[in-house]
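Trainee: So you can see what is in the structure, the chains are spelled out below.
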Amino acid sequence: MLVRRHSPSLARFLAGAGAWSSEVDDLIQETLFRAFRRIDSWRGEASFRSWLLTIGGNLLKDEHRKRKGRTVISIEDRDLPDQTDPAGTLMADELASRIQSALGKLPRLQREVFLLRAQQGAEYNDIAAALSTTPGAARVHFHHAVKALKGLVE
Amino acid sequence: MDCDALVDLMPDLAAGRIKWPADAEAHLPNCVECRRSWAVIQAGARVGADAAARINPDQIGGIVFARLAEARRQDRRRKGWVWGTLLAAAAAVLLVVLPPRRQAPAGSAVASVAGITTFTVPVHELEDLDDAELQKLDDQLDGALGAGVSVGAPHLEELTPEEMQRVLNSMES
Chain E
1 MLVRRHSPSL ARFLAGAGAW SSEVDDLIQE TLFRAFRRID SWRGEASFRS
51 WLLTIGGNLL KDEHRKRKGR TVISIEDRDL PDQTDPAGTL MADELASRIQ
101 SALGKLPRLQ REVFLLRAQQ GAEYNDIAAA LSTTPGAARV HFHHAVKALK
151 GLVE
Chain D
1 MDCDALVDLM PDLAAGRIKW PADAEAHLPN CVECRRSWAV IQAGARVGAD
51 AAARINPDQI GGIVFARLAE ARRQDRRRKG WVWGTLLAAA AAVLLVVLPP
101 RRQAPAGSAV ASVAGITTFT VPVHELEDLD DAELQKLDDQ LDGALGAGVS
151 VGAPHLEELT PEEMQRVLNS MES
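Residue numbers (this note's numbering), protein chains in the order written: chain E, 1 to 154; chain D, 1 to 173.
To be clear, the hints were calculated from the coordinates, so they are not data collected in a lab. Any given hint might turn out to be false.
Below are the DSS-like pairs computed for lysine-lysine, each with C-alpha atoms no more than 30 Å apart in a straight line [stated by the list, open to error]:
#1 E/LYS150 x E/LYS105
#2 E/LYS150 x D/LYS19
#3 E/LYS61 x E/LYS105
#4 E/LYS105 x E/LYS147
#5 E/LYS147 x E/LYS61
#6 E/LYS147 x D/LYS136
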């Protein structure tokens, strides 16, 4: 039940944070495994989902560190020609794709705050608890991220 | 409504969690920066949608729970091994720390009665003895026990009157 409820959010968050499509499945598995193994460390300050996403973000950071120096060419589904996709959806997805690329250029904290707020709909209090910061700082990071992304996607 | 306040609301507006306040609705068409922010936040909400569509939560759940079960088994094995090691270590420490049982020192009270004649009587063979043999054995036992009692213990008739008085005094007190 928990897996079914939270896996899609995790997948979206991890993809937005820069995970390759080929590693999203493994990262979700590892995140859930670790979360269930140390469920007692979740003190309820942040929502369970935000706590889960933070674990996923930490795992992705470790993966990025290991990945340094390796060149892997990933063929994303969106790079493949899609014969069923209407033009309207393509245009809407294009900006999301550009945002996803631009997110990789933001500092990690800004990127994660932006994703937690814009993609996951978390409140500043929840984001602050999950990322060990204050709600005020989370709000500042979100506004900085929006401003930076506006500049990067133009 | 100012721009920052509207940007704060945009994720909830984009997800349909709240309704557009009238002042926000009036502000957006007239503010270029807010329209750009709106486009970014709307697109941000869609980021990763394709990744979510590709995963199979049931399959992931199966793998995760199998791994958890295996991890629990390993934990139990590890705990059993740790307890076994601790018990073995505790037993070894006890063997080293506890002193061995002492030997009775020579010349003690136990040694002083060593003069008692030792004998063994195979009890199951008593039934086979005739009356004369039983009497002989009885005499031997009396002799041996009598000798044991007399070792180091003077007879009362050998005491002087003063010694006798001290013995009687000690018994009365």
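Trainee: Indicate, hint by hint, whether the structure satisfies it.
Mentor: Consistency of the hints with the structure:
| no. | hint | verdict |
| --- | --- | --- |
| 1 | E/LYS150 x E/LYS105 | holds, 12 Å |
| 2 | E/LYS150 x D/LYS19 | holds, 24 Å |
| 3 | E/LYS61 x E/LYS105 | holds, 14 Å |
| 4 | E/LYS105 x E/LYS147 | holds, 13 Å |
| 5 | E/LYS147 x E/LYS61 | holds, 24 Å |
| 6 | E/LYS147 x D/LYS136 | violated, 121 Å |
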